[in-house]
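First to last, the sequence lines map onto chains S and U. Residue numbering for the first sequence follows this note's numbering, beginning at 682 and increasing consecutively. Residue numbering for the second sequence follows this note's numbering, beginning at 12 and increasing consecutively.
If you're looking for bench data, these hints aren't it; they were derived computationally from the structure. Quantities reported herein were computed from a predicted structural model and do not represent experimental measurements. Cβ atoms here follow ideal geometry from the backbone N, Cα and C, with glycine treated the same way. It is possible that some hints are incorrect.
Not the full set, but computed from the structure, chain S residues with beta-carbon under 7 Å of chain U [unchecked claim]:
#1 Ser742
#2 His745
#3 Ile825
#4 Pro950
FRET-style restraints, in silico, Cβ to Cβ [said to hold, decoys possible]:
#5 S:Leu982 <-> U:Arg108: 49 to 55 Å
#6 U:Thr203 <-> S:Ile746: 41 to 47 Å
#7 U:Pro345 <-> S:Ser842: 58 to 64 Å
#8 S:Ile968 <-> U:Gly134: 26 to 32 Å
#9 U:Glu103 <-> S:Val760: 20 to 26 Å
#10 S:Ser742 <-> U:Ala107: 27 to 33 Å
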Amino acid sequence: MASNPFSAAAVAGAITQPPTGRDYLVDRSFRSLALVGAVLIIALMAYILYEIGGQAWPAISKYHIDFLTTSAWNVQDGVFGILPVIWGTLYSSLLALLIGGFFGLTVAIFLSQDFLPPRLAFVFRTIIEMLAAIPSVVFGLWGIFVVIPAIRPVANWLHESFGWIPFFSTSLSGPGLAPATIVLAIMILPTVAAISQDALNLVPYRTKEAAYGMGATRWEAILKVMVPTAAGGIFSAMVLGFGRALGETMALAMLIGNSNTISLSLFSPAKTLASLLASNFPEAGPIEVEALMYAALVLLLITLIVNIAGIGILQVTQRRISGKS
Amino acid sequence: MRSISLWAAVAATVASVVVAAATTSRAAEPEIWVQGAGATFPAPLYKKWIDAYTKSHPGVSITYDAVGSGEGVSRFVTGSVDFGASDSPLTEAEVARVTRGVIAIPGTAGMIVAAYNLPGLTGELKLPRDVYPDVFAGKITRWDDPRIQAANPDIKMPKRNIALVARLDGSGTTDAFTQHLAAVSEAWRGPTLKPGRLVNWPGTAMLARGNEGVASRIKISEGAIGYVEYGFAKRLGLPVAALQNHAGEFVRPTDKAGQVALAEGKATRAQDLRLLTLDPDSPQAYPIVTFSWLLVYGEYKDGRKGEALTNFVTWGLTEGQVLGSDLGYLALPPPVVSRGQAAVAGVRF
């Protein structure tokens, strides 16, 4: 203990007293402990980036940006490109966001806008949050044994009747984009619903009262006042859900079909970055490992950008809505 | 008081379990451990061999990891297993890397079948010689393609996309299958499609790990077709196509048709038994058969391990062969067995 700046301020015989040396020590050491923890986490993040980047470096210097724009994954000749994989990742995640985002927002409105007695709403909320606790592999199995047989007849009818529409241009054999997207949408629903609810609950009650006071109906109040006011938070819920969809691995590796193709068709099999990594790592040779590390880096950067954007938007809008800025 | 007695009971139970486990494990402890890894193609047969063999030879414990030929060969070459297994022979470069010497012995043989999943399709699907290489090359993409329909006039082919299923991992099954395709079709002699353990499959192909992975992917995907060892299709109840052989006959994979093809096996290099029958001539022959190889080292430092392994392999070559037919494998022809036995005798330990 070097010096206690408070000791000079001590007044003999006063009822209050400055922090003792021990208080000061505890405070100081807690603060440095917290600092060390925070720095360690940031250092770990930097180390992971450094390590993956370092292992990916031979591939980066060999394939440059072509890696992102070509579509061969040919271990035999050592030619690698991940355009179809990036396409599959973004396409499946966007579709999942479209479905999961719509239902997540609807659920959030239903649970936060006094449609249900508070207790019942709490029960519903808990059940939806429990969806987030189901292991990914269980979702995958459920997709194979329930979702695929259920949607296959519909998908193949769509293909036979409306095959000229690009979205239905192939038949659904089993694993493919459609079942993967549906399962993915259910997996991101809890994230979207929970954060959207928080955003809607953050809107001051007087805003809603004001809308009613001006003669708005319940639906007008919700759709034209509440949702737009909470739009920033809802948007960031979508972005975080999107981030979760991008990184999802196991369920997608089981459901998306693992095929290296770019197709608009909803029923065609595809491949995502995370499923590529999961399925090719176990026995990749040294050259393929470099390419996989490059792909991992690309996935890391995409998720990082998406998550930072989501958190940024959430913070800005929360500050605006609670009127602090 | 109650809690103390409860703890005592728990402690006593744990102690007794630990003691029991220790004693049983000591009693059943085998003296010799032999580890193998490799092809998924013969794995069901090798597991059956190991079960039967270790029952009659209690001092020996043998394990086999079905990791695929590619991974099996690389583990064998780096020396992390006692024996390997592959459906494709080692390359010269791989042989050169094993200082202890490599002895390849055919362990079993089997047919590679084109298994498919087309619900509602009755009758036997026939695939001509000029059609199935193009299906696997991604050039024929629909089941109602005129070339498939023309070969199957009695069947109304569904208006579906062909969902190709191929191997993701380095595989001897892939090697044998694509070597055959290259022997049959110009499209498989490069530059984009070349035979090998890893193949640059067309983009639309779904890739799965191991023979069992391909078979189960076909099982859950309507409109799918893929190549697996016959037994894997048989176990999952997948229908298999009749393929047109060199003589122009459509032949279904049966034990007899496979044996006819095997009997044509020509040794390309007699000293290490690399028998390849890429495109058998006989009208009764099923066109795609392959041997599956057991890879053992030329020399074992641990003499008892070497002895146990050679005994096991010899047992497999003789008594083990009869276990294969139920699983869909082809028993090795007698001349191949005797050459295998002669090769095993060359292992030093």
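Hints, verified against the model:
Nearest Cβ of chain U to the Cβ of S:Ser742: about 23 Å, over the 7 Å cut. The hint is violated. With its C-beta approaching chain U no nearer than about 21 Å, S:His745 sits outside the 7 Å limit, and its interface hint is violated. The closest approach between the C-beta of S:Ile825 and any C-beta of chain U is roughly 6 Å, which is under the 7 Å cut-off, so the hint is satisfied. Taken as an interface hint, S:Pro950 checks out: its beta carbon lies about 5 Å from the nearest beta carbon of chain U, inside 7 Å.
For S:Leu982 and U:Arg108, the hinted distance range of 49 to 55 Å is not satisfied, since their beta carbons lie about 38 Å from each other. As the Cβ distance of U:Thr203 to S:Ile746 is approximately 24 Å, the hint placing it in 41 to 47 Å is violated. A hinted range of 58 to 64 Å for the beta carbons of U:Pro345 and S:Ser842 is consistent with their spacing of about 59 Å. Separation of S:Ile968 from U:Gly134 is about 46 Å and departs from the stated range, judged on CB atoms against 26 to 32 Å.
For U:Glu103 and S:Val760, the hinted distance range of 20 to 26 Å is satisfied, since their beta carbons lie about 24 Å from each other. A hinted range of 27 to 33 Å holds for the C-beta pair S:Ser742 and U:Ala107, which are about 31 Å apart.
In summary, the structure is inconsistent with hints 1, 2, 5, 6 and 8 from the numbered list given earlier, while agreeing with the others.
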